[in-house]
Amino acid sequence: MNAAFLLRLAWREGRGARGRLTLLVLGIAVGVSAVVAVGALGAGLRQGLFLEARRLLAADVALSTRDPWPAELDGILAAEPDLRSARVVELPTVVAAKDAGSDGAAPSSRLVELKVVEPAYPLRGDLKIDPPVALETLLADGGAVISPDLGQMLGLRLGDPIAVGTVDATVRGFVLSEPDRTNFALSLGPRVFVGHDTFAQSGLEQFGSRIESKLLLALPDGATADEARALGLRLRAALADLGRVRVNTWADAQPSVRRGIERVESFLALAALLALVLGALAAALAARSWLESRIDSIALSKCLGLERRHVLISAVGQVLILALLGGLLGTVLGVLAVRVAVASFRDLLPAGLSIPLIEPRPVLMGLALGLGSALVAALGPLLAATRVPPLAALRRESAPLVMPRGLVRGSAMVALAALFVAAWVQSSSVELAALFTGGLVLSALVLALAARAVLSLARRAPPRALPAPLRWGLASLARPENPARGALLALGIGVFAVLSLVLVERRLLNELANALPVDAPNAFMLDVQRDQWPALEQLLLGAGAVRPQSAPMVVGRLRAIDGRDVRTILAERRDARREGREGGGGRWVLTREQRLTFGPNLQADNVLLRGALWADPERAEVSVEEEYAEDLEVDLGSVIVVDVQGVPIELVVTSIRSVRWESLAINFFMHVEPGVLDNAPQVRVATARLPKGQAGAIQNELRAAFPNVTLIDVDELREKLAVLFARLASGVEALGLLCVAAGVLVLAAAMAAAGRERRREAGLLRALGAGRWSALASLASEYALLGAVAGLVGGGGAAVLAYALVTRILELEGGPALLAPLAAAGLLGALAAAAGSIAAALALRRPPAEVLQQG
Amino acid sequence: MAEKQEASSPVAPRTAAHAAHAASQSAVAVRLACRGLSRSHKSGASRLEVLSDVDLDVHAGEFVAIVGPSGSGKSTLLALLAGLDRPDRGEVLWDGQSLAGLDEDGLARWRRGRVGFVFQSFQLFGHLTARENVLLPLDIAGVDAAPTRADKLLKEVGLGARGHHYPSQLSGGEQQRVALARAFAGAPQLLLADEPTGNLDPANGRAILEQFARLRAEYGTTVVLVTHDRDVAALADRRVHLEAGRVVRIEGHRAP
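Chains as they are written, first to last, in this note's numbering: chain A, 1 to 855; chain B, 1001 to 1256.
Keep in mind the hints are simulated off the structure, nothing from the lab.
Just so you know, not all the hints are guaranteed correct.
Covered stretches of chain A (chain B as the covering partner; in silico rule of three or more C-beta atoms under 8 Å from a C-beta of chain B) [as the list claims (entries may be wrong)]: (1) 306 to 315; (2) 804 to 812.
Computed beta-carbon distance windows for the label pairs [unchecked claim]: (3) A:404 / B:1244: 57 to 63 Å; (4) A:20 / B:1042: 53 to 59 Å; (5) A:737 / B:1047: 28 to 34 Å; (6) A:827 / B:1045: 23 to 29 Å; (7) A:20 / B:1105: 47 to 53 Å; (8) A:18 / B:1244: 23 to 29 Å; (9) A:815 / B:1045: 45 to 51 Å; (10) B:1049 / A:404: 24 to 30 Å; (11) B:1049 / A:741: 17 to 23 Å; (12) B:1049 / A:395: 49 to 55 Å; (13) A:339 / B:1161: 18 to 24 Å; (14) B:1244 / A:741: 36 to 42 Å; (15) A:404 / B:1035: 27 to 33 Å; (16) A:324 / B:1114: 34 to 40 Å.
Glycine is no exception: its CB is placed at the ideal position from the N, C-alpha and C atoms.
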């Protein structure tokens, strides 16, 4: 008797049980399809985000620095083959018109943001230029492309000369939209594009400290999001100690986008974990149910001389065959489900996105996880199967698959360890894996305890006052060796997993919807003179603009921090960096133009973290943004001296705040209390929401009345971001739906499995004279109780886990959803009662004798 | 009648013929025996004694029937004799060797190729054809020319043409005949039967008994059979009467 013989035996076991086999294979298939679909959808979503978000960076990865590039950079880049690159230089400078404007009254020079690009720019995204000619052509031979605003302000038309540094460039075109211009609130002026040759001739390179150099990098077109991110990480690691080079990947293009993507990725990981749990649950139920149906066969085989190890080999073979069939079917189903989802959401996905028919990695992962979880989940039932006593062949009633306590505990521990490892691998986050596994363990323990409590409660003779069917239901629950406990656990775990996901999903969707408030501003106005604001505000309101807001801006330079000259601090940081020590903070933050605002109240999207606003009447106070404070290395009580037009102003830091940059509103790093800078030279920065379609007309009105004001239209950026968030949200919803569907199927399978045993009892009750409705009611009440307890405990666990995930992983605010467990209990109780009633009703159609005999 | 109902337990022989007969009996080997066999089951908080102190000798080639009312412990005794269950006290001996020293796998090995079963509920493998059912114990035991033997047995029970049918396609009587074929195919040294006609109508029951007797005669198998049916019990060489877990009477003669 060799393995081949046993496997042949195993294979033959499938014959003659086709109906049950199909159901069971389907059970495993559902779990596997969930894993595969989640993986494929997740990968597709990530890829779609990548294609979209990288346009905001004009590259896959962007390096930027305000210092000279480290010498080692060429070597580092040489190690990365197939990279396209484009050098970009950005620099605020003053440009001037050579001739007087047509009306003579236009200012002849202007502070602009100069951008020097190579022909390859932009590597991602599109530039809109008028005339629609390649930028490269327009910039050749000393050409310049400017923003239409600037053209208006300086009275420049196509062909006019424009002085950039010491060289004259020629206006060859107007830039209508730029893919990577995202930080409007920090703009200093309109845009001017020139080529590197022109820049070289301009003599502006001597202003090195104000220059930001960028190197845009792009992978070959078929690259995936993960490859781009990996490239970014490699470069970050390679450049870490070589100076202040910032490496931004596609996900970092815009703060709100970055956070949104991070959260969605965490959600994807959670969904994948959930799918894993569902898959394992389905596999456990399927394996147990299958092996239970094999009890007679196993007992008989032992009578005929098969030993336990032969039984084990055969049983393992059966489970493997089941798992393989289920896995293959599930893979096909999962891939199909994704195709359907993509087709349904076609209009919401990026145009260029196509999820390939079979993306190997998620499919293989799904298959492997499905098989693995099937085996691990089937471990308990497999070992129990080997322990079927041959005596069972002689018995006349069918025996349940007995799982001794030690076996249950042992196999549960193995299963949990495997789940933790799989969760870790799939989500690459120890914290998430630990939270999830921990939550599951806790819920399972509470479920087991609750089960024991319910069953022992039921064991006490219920008062005769209760209606008979209810009493029968409770008595049935109290039976020794009631498989109800297993059903309770399965139901509870299923509810726990699905509900956690739904709760987190709700919170995430809520966040994504509010990421860009509906009335967010779509126009920024710079350089509004102090006395212009009232009239400007009136103009805007008169034109139908919503929420025009402005804030004063005073420009200054840092002189000292905590009594130490800024130059000293700079030198220290430089030395620390050279010697590779800690303390090598940034230079730019200390040398740049500081932009301060003032006023009694903080901007709307500011949250006070530490300290108190304007608490000290004696001193001039400033409130600093938290990350900026870290860069400056200041904290509460620090004294900052700012030079405003030669006047030193001493400010003490009395509060630290966080800013929600996503809102695209005006925000400042340093906010000074009123009464300090009120008379300092200042301009105002304003935002407003211009009504759609009116923007052009309003802009013209604005320019006519206030020619020095620069108006930047952010509608396009807003639209891009809005679309991005909408796609994130729909992806999240699709995943959530998929997982819930899988969860419902698995739960139904769990209840169906338990339902089979009830048929005999229904028959028995009938035989004993119970009316059809009484028998039904008794089963329904037993089920309702089971469902309610499972819903309560599973739902409670889900509420706690969701709270932990939302606050710790997604880093959002929110309280635990306390209504959830109650709702789940009610819903599940009702569903279970319905399911049990249906199962019983089907059985009660046949005469009791038939059902009893078949048992 | 009285002559036939001689007890086989040691008793002073009444006639010389009896003495000679008794002497010849004890010369034939005892294949299966049990001593002081006791078994109880847990029932709620108390224990229920199902078998108490049963002694029995079964000689080679003998057909012993265990009879008694329901609840008398017949099936339990059969299970213990087959090594399917462990006694609380006492032991089962095969060819003088106790089965007590064998663990579950050891008992399985002991049964392999040596013990055949016929059950009340037929207990055929539903996923195997009739022929495959008969083949299975032969393959497990590694018997030579198994397919030939299987076909031969099926023909003997009159189902030679139905070998490729599944149990669901056979009637109750036909299924039990397949079971007979399966039980005898390996020429087992011991055959244990539990109410073989219990689920059959009288006509089929008689047919099965005829088959059974024929096969038994052909193979000379030692048989222990549990039944409450008098007609079935009548076929046996000896009848062991059980009541409330104890042997109350052993009657019958041993056929050579």
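Tested hints:
1. 306 to 315: Answer holds; 4 residues pass the 8 Å Cβ test.
2. 804 to 812: Since 0 is below three, the answer is violated.
3. A:404 / B:1244: 57 to 63 Å: violated, 32 Å
4. A:20 / B:1042: 53 to 59 Å: Given about 32 Å between the Cβ atoms, the range is violated.
5. A:737 / B:1047: 28 to 34 Å: Between residue 737 of chain A and residue 1047 of chain B, where Cβ atoms are some 56 Å apart, the hint is violated.
6. A:827 / B:1045: 23 to 29 Å: 40 Å Cβ-Cβ, so the 23 to 29 Å window is violated.
7. A:20 / B:1105: 47 to 53 Å: violated, 29 Å
8. A:18 / B:1244: 23 to 29 Å: Since the Cβ atoms of residue 18 of chain A and residue 1244 of chain B sit about 46 Å apart, the hinted range of 23 to 29 Å is violated.
9. A:815 / B:1045: 45 to 51 Å: holds, 50 Å
10. B:1049 / A:404: 24 to 30 Å: holds, 25 Å
11. B:1049 / A:741: 17 to 23 Å: violated, 56 Å
12. B:1049 / A:395: 49 to 55 Å: violated, 19 Å
13. A:339 / B:1161: 18 to 24 Å: violated, 52 Å
14. B:1244 / A:741: 36 to 42 Å: violated, 59 Å
15. A:404 / B:1035: 27 to 33 Å: Hint holds: Cβ distance 31 Å, inside 27 to 33 Å.
16. A:324 / B:1114: 34 to 40 Å: holds, 37 Å
Hint compliance for this structure: hints 2, 3, 4, 5, 6, 7, 8, 11, 12, 13, 14 are broken, all remaining hints hold.
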